[in-house]
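**Student:** Given next are the chains, with one letter for each unit.
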Amino acid sequence: MKIVINGESCEVVAGTLADLLEERALAGRVATAVNETFVPAAQRPACKLQEGDRVEILAPMQGG
Amino acid sequence: MKRFYGTDLPNPLMLGTAQYPSPAILEQAFRASGAAVATVSLRREGAGGAGDTFWKLIEDLGVLVLPNTAGCHTVKEAVTTAHMAREVFGTRWIKLELIGHTDSLQPDVFQLVEAARILTGDGFQVFPYTTEDLIVAERLLTAGCEVLMPWGAPIGSGRGLNNPYALRAMRAEFPDVPLVVDAGIGLPSHAAQAMELGFDAVLLNTAVARAGDPVLMARAMMDAVEAGRLAYGADPIDARDMAEASTPVIGKAFLA
Chain A
466 MKIVINGESC EVVAGTLADL LEERALAGRV ATAVNETFVP AAQRPACKLQ
516 EGDRVEILAP MQGG
Chain B
67 MKRFYGTDLP NPLMLGTAQY PSPAILEQAF RASGAAVATV SLRREGAGGA
117 GDTFWKLIED LGVLVLPNTA GCHTVKEAVT TAHMAREVFG TRWIKLELIG
167 HTDSLQPDVF QLVEAARILT GDGFQVFPYT TEDLIVAERL LTAGCEVLMP
217 WGAPIGSGRG LNNPYALRAM RAEFPDVPLV VDAGIGLPSH AAQAMELGFD
267 AVLLNTAVAR AGDPVLMARA MMDAVEAGRL AYGADPIDAR DMAEASTPVI
317 GKAFLA
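In the order they appear, the protein sequences are chains A and B.
All the letters of the first sequence, read from the start, carry residue numbers 466 to 529 under our numbering.
All the letters of the second sequence, read from the start, carry residue numbers 67 to 322 under our numbering.
No lab work stands behind these hints, which were simulated from the structure alone.
In this text, all values refer to a predicted model and were calculated from it rather than measured experimentally.
Among the hints, erroneous ones may be present.
[As the list claims (entries may be wrong)] Derived pair list, reagent style DSSO-like, types lysine-lysine, alpha-carbon separation capped at 30 Å:
| hint | chain 1 | residue 1 | chain 2 | residue 2 |
| --- | --- | --- | --- | --- |
| 1 | A | K513 | A | K467 |
| 2 | A | K513 | B | K142 |
| 3 | A | K467 | B | K142 |
[What the hints assert, rightly or not] Taking beta-carbon pairs under 8 Å as the criterion, some of the chain A residues facing chain B (in silico):
| hint | residue |
| --- | --- |
| 4 | A498 |
| 5 | E501 |
| 6 | P505 |
| 7 | G529 |
Backbone N, C-alpha and C fix where the C-beta goes; we use that ideal spot for every residue, glycine too.
Looking at chain A on its own, in the form it has when it is part of the complex (with noise of 0.2 Å):
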């Protein structure tokens, strides 16, 4: 299934976002946002993906 991942188009097989995490190993500290509507973390096992999805993964970086 192809879907976009914070702007790049990939080919991914999970079919949730908590398996994507998994499978591109994103473990750590993020937020994710589907289609531009934020998904909690315990949402993301139910976030079933579709053809097309676009996928936010973000981490903490450096602000002012």
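Once you have looked at the hints, place chain B on chain A.
**Tutor:** Chain B only, in chain A's frame:
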């Protein structure tokens, strides 16, 4: 010192964490200055877990964390970013930035008020990056904000306080609201001036991070905000046009 959403700050310096020459210098700048609040952001996670490394550094500093919504141009984007930040950083504090103009990075105050209202309703404690406009300030307070953060000058410009008159008016209008000058500070004298006006804290980043010696500048900023705070409490004299001898005239010897 006023409380920020029920939290006492040990000192009035809030420091950004961006643009330092290295993580080690960022860490030293915080440790040397004693700044107790660090602003942070969220960005796309790349390979290598850079986010975790950065977060570990901030956690080890033991400072209060103020996540921002930097770079957001719409209410939806800012609100979603705030929710993501709350989950990642585990704090209800959010520095709400809604940028309206690309060159000046001037806040879009109309969207700012709307986003502040939504986020307050969602349980956030909003630190709005705003202008010096008193009507906007009033609307932000009505929207639920308990802190106001007017700009001194455009972000990263280092120009100091562009409109001290308006900042003084804001202090007078809202005597009980914690006020922070956020952005535009270039020198310790600018930071001291903000505190002399009666502001409760100063938030700055570029002036320290881009200085030739960020660690030294961070210390200078802390000394400046502490001096300014003491000066405001000491009730400074008014400036006057003419000289007034400070040494008593009575008892002066006749030697002419």
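**Student:** If a hint holds in the structure, say so; if it doesn't, say that too.
**Tutor:** Comparing the hints with the structure gives:
no., hint, result
1, A:K513 with A:K467, "14 Å, holds"
2, A:K513 with B:K142, "23 Å, holds"
3, A:K467 with B:K142, "26 Å, holds"
4, A498, "6 Å, holds"
5, E501, "7 Å, holds"
6, P505, "6 Å, holds"
7, G529, "3 Å, holds"
Consistency note: the structure conflicts with none of the earlier hints.
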